[in-house]
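What follows is the residue order along each chain.
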Amino acid sequence: METVLSGLATGFAVALTPLNILLVLFGCFSGTLIGALPGIGPINGVAILLPIAYGLGLPPESALILLAGIYYGAEYGGRISSILLNVPGDAGAVMTTLDGHPMALKGEAGRALSLSAVASFVGGTLAVIGLSLFGPLLAKFAVTFSPADYVALMVFAFASLASLVGRNGIKTLLGAVIGLMLATMGIDANTGVPRYTFGIPDLLAGIDFLVVVIGLFGMAELLHLVEQQVSGRLRTLPVDRSFLRRADLLRTRWTILRCSVIGFFIGILPGTGASVASAVAYGTEKRLAGKSGDSFGTGDLRGLAAPEAANNAAAGGALVPMLTLGIPGSGTTAILLGALLMFNVQPGPLMFTQRPEIAWGLIASMYLGNVALLIINLPLVGLFARMLTLPQHYLTPLIAMLAFVGVYSIVGNPFDLYLIILLGIFGWVLRKLDFSLAPVILGFVLGSLFENNLRRALSISAGDWGILIEDWKSIALYGLAVLVVILPAWAGRRSARAAADAVED
Amino acid sequence: MVDRIFAGLLLAVTLGYGWLAFAVIRAPFQYDPLGPESWPRILSVLAAICLAGILWKPDVERFDTRGGTWLRLAAIVALLIGYAGLYEPLGFVLATLLFGTVAARLLGATLVRAGAFGLATGVLGYLLCAGLLDLNLPEGPLPRL
Numbered sequence: 001m002e003t004v005l006s007g008l009a010t011g012f013a014v015a016l017t018p019l020n021i022l023l024v025l026f027g028c029f030s031g032t033l034i035g036a037l038p039g040i041g042p043i044n045g046v047a048i049l050l051p052i053a054y055g056l057g058l059p060p061e062s063a064l065i066l067l068a069g070i071y072y073g074a075e076y077g078g079r080i081s082s083i084l085l086n087v088p089g090d091a092g093a094v095m096t097t098l099d100g101h102p103m104a105l106k107g108e109a110g111r112a113l114s115l116s117a118v119a120s121f122v123g124g125t126l127a128v129i130g131l132s133l134f135g136p137l138l139a140k141f142a143v144t145f146s147p148a149d150y151v152a153l154m155v156f157a158f159a160s161l162a163s164l165v166g167r168n169g170i171k172t173l174l175g176a177v178i179g180l181m182l183a184t185m186g187i188d189a190n191t192g193v194p195r196y197t198f199g200i201p202d203l204l205a206g207i208d209f210l211v212v213v214i215g216l217f218g219m220a221e222l223l224h225l226v227e228q229q230v231s232g233r234l235r236t237l238p239v240d241r242s243f244l245r246r247a248d249l250l251r252t253r254w255t256i257l258r259c260s261v262i263g264f265f266i267g268i269l270p271g272t273g274a275s276v277a278s279a280v281a282y283g284t285e286k287r288l289a290g291k292s293g294d295s296f297g298t299g300d301l302r303g304l305a306a307p308e309a310a311n312n313a314a315a316g317g318a319l320v321p322m323l324t325l326g327i328p329g330s331g332t333t334a335i336l337l338g339a340l341l342m343f344n345v346q347p348g349p350l351m352f353t354q355r356p357e358i359a360w361g362l363i364a365s366m367y368l369g370n371v372a373l374l375i376i377n378l379p380l381v382g383l384f385a386r387m388l389t390l391p392q393h394y395l396t397p398l399i400a401m402l403a404f405v406g407v408y409s410i411v412g413n414p415f416d417l418y419l420i421i422l423l424g425i426f427g428w429v430l431r432k433l434d435f436s437l438a439p440v441i442l443g444f445v446l447g448s449l450f451e452n453n454l455r456r457a458l459s460i461s462a463g464d465w466g467i468l469i470e471d472w473k474s475i476a477l478y479g480l481a482v483l484v485v486i487l488p489a490w491a492g493r494r495s496a497r498a499a500a501d502a503v504e505d
Numbered sequence: 001m002v003d004r005i006f007a008g009l010l011l012a013v014t015l016g017y018g019w020l021a022f023a024v025i026r027a028p029f030q031y032d033p034l035g036p037e038s039w040p041r042i043l044s045v046l047a048a049i050c051l052a053g054i055l056w057k058p059d060v061e062r063f064d065t066r067g068g069t070w071l072r073l074a075a076i077v078a079l080l081i082g083y084a085g086l087y088e089p090l091g092f093v094l095a096t097l098l099f100g101t102v103a104a105r106l107l108g109a110t111l112v113r114a115g116a117f118g119l120a121t122g123v124l125g126y127l128l129c130a131g132l133l134d135l136n137l138p139e140g141p142l143p144r145l
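Residue numbers (UniProt numbering), protein chains in the order written: chain A, 1 to 505; chain B, 1 to 145.
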């Protein structure tokens, strides 16, 4: 407890400097704007703005505060296009459309927006409290991890990714492997041997992280937008004057609290982020509601509050493994992790003690950010809603311009401009084939960490693979990995059988 | 079907990747039990197994993209390649002006509005990014800010 309080004191000392307050506000505001754009979610927003944040020459903690603000701000803003337009910005906001849009159709858009803002605020804030409490504990424990344990942890991360993300586990796993393979390009740091560089000098240092992120999440998104572009504008429902009532909050308070907790813990699981959390929370609430759960999907308040609380809580929860273990909990935190690496900061168990200004500064800024989001979201929602009417034919070239500025100004090599286009086409094809892109970036970010720990572990044991299952921590993690693969499959089969039985009756 | 084609292509790439890992990459000397080739070997085997799974049980039959959309996608990719090619020779302002105008027009803006948009992104984008944020952008033939 004492470490938490002194840590928070350090954190607020960092977060309350004028520059950082400004960055929190700016990050949250622009994050909400970006999240409100139809079709653009937190991961694309952070990807496109990452190089610009990097190029500003900020110290690492300030840059991280800004990027994290954009991240959870966009998580907040995603609900606006879900409710008013029925177009979710990303997978995490899909569940919000189920009850949010019907409410807007009934003329209760204002009520839906304000309730979801409060649910998001509670989810986000509880997650930051959880992060402050669990982060240092986990970090303390993780200091004792050996390279072999890290290998086990990575296997667990990829196992939970494959079993929980996407519809096809094989494709998710393959996506992660593609990311890992992309990460092997360039000179091997241990021996100096070039791998997969084909004699091209531009590839000697490997593919730049920024290039992969902007290619897969900026350019692929751009192609997706062009493909989806429907003739004329999407029809936006107006924000009306209806507002949250006291009774609404009383009715949904347990839903919000429950789903915040669910979201936080699912967010902690490495690899799984807001999309899984909001789906699980929605399903749980629907089941708990029993008979009255039939109104879910027709504009039920609980059905709106549940996924919103959960996905914002998951956004905070996903930061726990990223800050304490150096293993990101979601695609977007993988990008934040990459951003830290660009600043030569290695996230991991030692960050809480060695770079407290970064770990605690970020946490403290998130307390401020959540309050700021609630305050700017309640009155200004009409302004954000106007982003929905930004025509696609301006949005698309703007994304290209930002992507080019980012890549050119940071990497400074025209060769990389072609590379992002190529990666964009590749990412677009992957999306068309039902691959999710988050595992690719996760694999890319974790590639060298995974390989180096494996090599280090085997160097310690002089080549004996037995070291990987020597420690109880590794064995426990492999056990968890097996569980996380088996349990959902088992539950899925059971519910399928239950459905079949119901049909026979 | 498209699933199988894509998996087949990736399999070819993976086989190439694996061949390099198994036959070519080698450290001149090393002390560690695992060299630079071990990790790519593991990955190539994993990828091959996953790809075999997809070839066995594909789940996406075809792209539901229609003819006109393909054309528009091809056009935007061509535009992006052109933008990349002109980025350094023409400089940010002119290249963005051209790209913004043509892209907005292609995607459905009227000619006048597309032109205004291109001009605005080129000039304002430069002032904001190079002037205010101090980022490094190509200048091209135009005089320095």
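Rather than coming from a laboratory, the hints here were simulated on the basis of the structure. Do not take every clue at face value.
For the chain A half of the interface with chain B, some residues (derived, Cβ under 8 angstroms), not all of them [stated by the list, open to error]:
no.	residue
1	L105
2	K106
3	F134
4	L137
5	K140
6	L223
7	L398
8	N413
9	L458
Derived coverage of chain B by chain A (criterion: at least 3 residues anywhere in the stretch with Cβ under 8 angstroms from a Cβ of chain A; other residues may be distant) [unchecked claim]:
no.	region
10	42 to 56
11	67 to 75
12	94 to 100
13	107 to 117
14	124 to 137
Cβ coordinates follow ideal geometry from the N, Cα and C atoms, glycine included.
Violated constraints from the hint list, given by number and in increasing order: Of the numbered hints, 1, 2, 3, 4, 5, 8 do not hold.
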